[in-house]
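Participant: Spelled out from the first residue to the last, the chains are:
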Amino acid sequence: MTYTIEGKTGAWEIVVGLEVHAQVISHSKLFSGASASYGGEPNTHVSLVDAGFPGMLPVLNQECVAQAIRTGLGLRARINLESRFDRKNYFYADLPTGYQISQFTHPIVGEGTVEIELSDGTVRHIGITRLHMEQDAGKSLHDQDPARSFIDLNRAGVALMEIVSEPDIRCPEEAGAYLRKLRQILRYLGTCDGNMEEGSMRADVNVSVRKAGEPFRTRCEIKNVNSIRYVMHAIEVEATRQIEVWEDGGEVDQETRLFDPARNETRSLRSKEDAHDYRYFPDPDLLPLVVEQAWVDELERGLPELPDDKRDRFVKEYGIPRYDASVLVAEQAIADYYEEVAKGRDARLAANWVTGDLFGALNRTGRTIADSPISAAALGGMLDLVSDKTINGKIAKEVFEDMLETGDSAAAIVDRKGLKQVTDTGAIDAAVADVMARNADKVEEYRGGKDRLFGFFVGQVMKAMAGKANPAMVNEALKKVL
Amino acid sequence: MSLDPATVRRIARLARIGIDESDVPALQGELNGILGWVEQLNEVDVEGVTPMVGTGHAALRTRPDVVTDGNCRDAVLSNAPDGVGPFYTVPKVVE
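Chains as they are written, first to last, in UniProt numbering: chain A, 1 to 482; chain B, 1 to 95.
Here chain B stands alone, though its shape is the one from the complex:
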């Protein structure tokens, strides 16, 4: 599998990363390098092998339905660059 320049630009847009047109060839080379490396896995015969979803055999942990958290607005908003009163704010997003 190999990425063309258009796909590189599309991936960047989906990830909301602004790139210069001049960066595209270098990124294309790096991404294709990564894909090529991962593609080596295709050489392994996995016919009949159950997909592995984790290294542990532990079951997913769950918690009881109890309110134990929240009410920490100051901490929640501590990194907000432009908080107003009890809110985060962002540049206006309207459909």
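Excised from the complex, chain A in its bound form:
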């Protein structure tokens, strides 16, 4: 169903395209040998190239090119064997050269596509227009002094990938799903850590609205939104604002706006009036970048299995539902954990335990899969005890909680607590007889046709045997005597 926002004049569709800036994982910067790592003392990860000193020349980092190509391949996009660098001219205090080296007319990566899945199971494909490499700017600190801004150039020159989507997104949920999927792909590829809070991934959001069947109307660009939740809010808030402008007989101006999450509104950035007049021209310091198809092929062979492929393989190989598979491939570490648990075991049971009890436990203890208190081998060991009927499903939950607390192996816990499942028919029959004797009235009712009392008897027998009886055998024994 199409997502619409109801205005005074009826329903409006929204049209969204995203420009994502993803910081490339590399040791050194895009055009200089200064460190690209976080957390250095101010202005120490800076070379004279980054500081824009006269006569300094940029030299391209080969690994950053490789990372951009890997990302392009991960987005199933066309790799342009020849690309170019251009200067994007603007003045800002944290841009010492007065221009950003970017790729304008000839980006390294062309059209691609990202598959997203919505909560109702709908699958959509969002087009990628392009991916290009460019430099990050430095950082301005405005809170150190009443009259001055302080400038730290440590980030200046760090490699970014700008990933531009087609205006294919039609609702906030799709925008969220697209960003999550993009982040997942980048993390699998190891080309960007995808951390939006730290700013290593940020989004510019282009929003417009239209009536059904219309061509696109004027869009506004909301700059630098730094969380997925804010992107989704900003789209809704901005679309609502534009609808009001149109319905009041006004015109939406193409402009740059800022999203203010505290006030839940977008505001015009008037200072950026000339911001789109960047006077691009080819950077005379850099020749065109030519890469060999053989190198692209080599990079492609080195790619890890991507999330969509992994999900499809999990469905096929382990026979688990697509939804469970999607959850399990959300992060590579989770997928690896699951595969270790599932190998040679009941893969569906493994999926239920990982997505259910294990995720619940990680949530409760505030841990991630990487420092899970229960290792994949330990969880597998417990599932082995369930499969060989040493313990039943209910006792398994108790063992799991104990493992979480003590770190002991499942086998050790079963021994220590004497939780071994009772499969001795004599002991079960005795417990059944005892329960029947103590509940003669209920036995009468059951035999009089009150079938649903069967569950009551099972419960009583299990209780009498401290939960350790084999449930199938209890059912059997009860059916026989009742």
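Some chain A residues close to chain B (C-beta under 8 Å, calculated; not the full set):
hint, residue
1, 28
2, 32
3, 41
4, 42
5, 43
6, 46
7, 47
8, 59
9, 60
10, 142
11, 147
12, 148
13, 279
14, 290
Quick list of in silico lysine-lysine cross-link-like pairs, DSSO-like style, CA-CA up to 30 Å:
hint, chain 1, residue 1, chain 2, residue 2
15, B, 92, A, 139
16, A, 468, A, 479
17, A, 389, A, 316
18, A, 223, A, 181
19, B, 92, A, 223
20, A, 181, A, 211
21, A, 88, B, 92
22, A, 468, A, 343
23, A, 394, A, 463
Everything labelled a hint here was simulated from the structure, so no lab data went into it. Small disclaimer: the values here were computed from a predicted structure and weren't measured. Just so you know, even glycine gets a beta-carbon here, dropped at the ideal spot from N, CA and C.
Since the structure of chain A is provided, determine the placement of chain B on it from the hints.
Facilitator: Chain B alone, transformed into the frame defined by chain A:
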């Protein structure tokens, strides 16, 4: 192509160069002179000729991803007119 006075003022603003209104006619004349000279290139027929992006046939040089530079804050800040501790400073710029 010929520049009008408004375009001259706009170019100056984009380049952050302050000019007096009285300078505009002279600048307009000079800029139009430059444009006119470059426009002579339009007389060359380049139909079917691949755009030339450089005079050399060399490929772009690249470097391995190794940290070889930086950690030279004193040099980086040596021209800063108003440095404070480890920072450059500029008149406050807030959106």
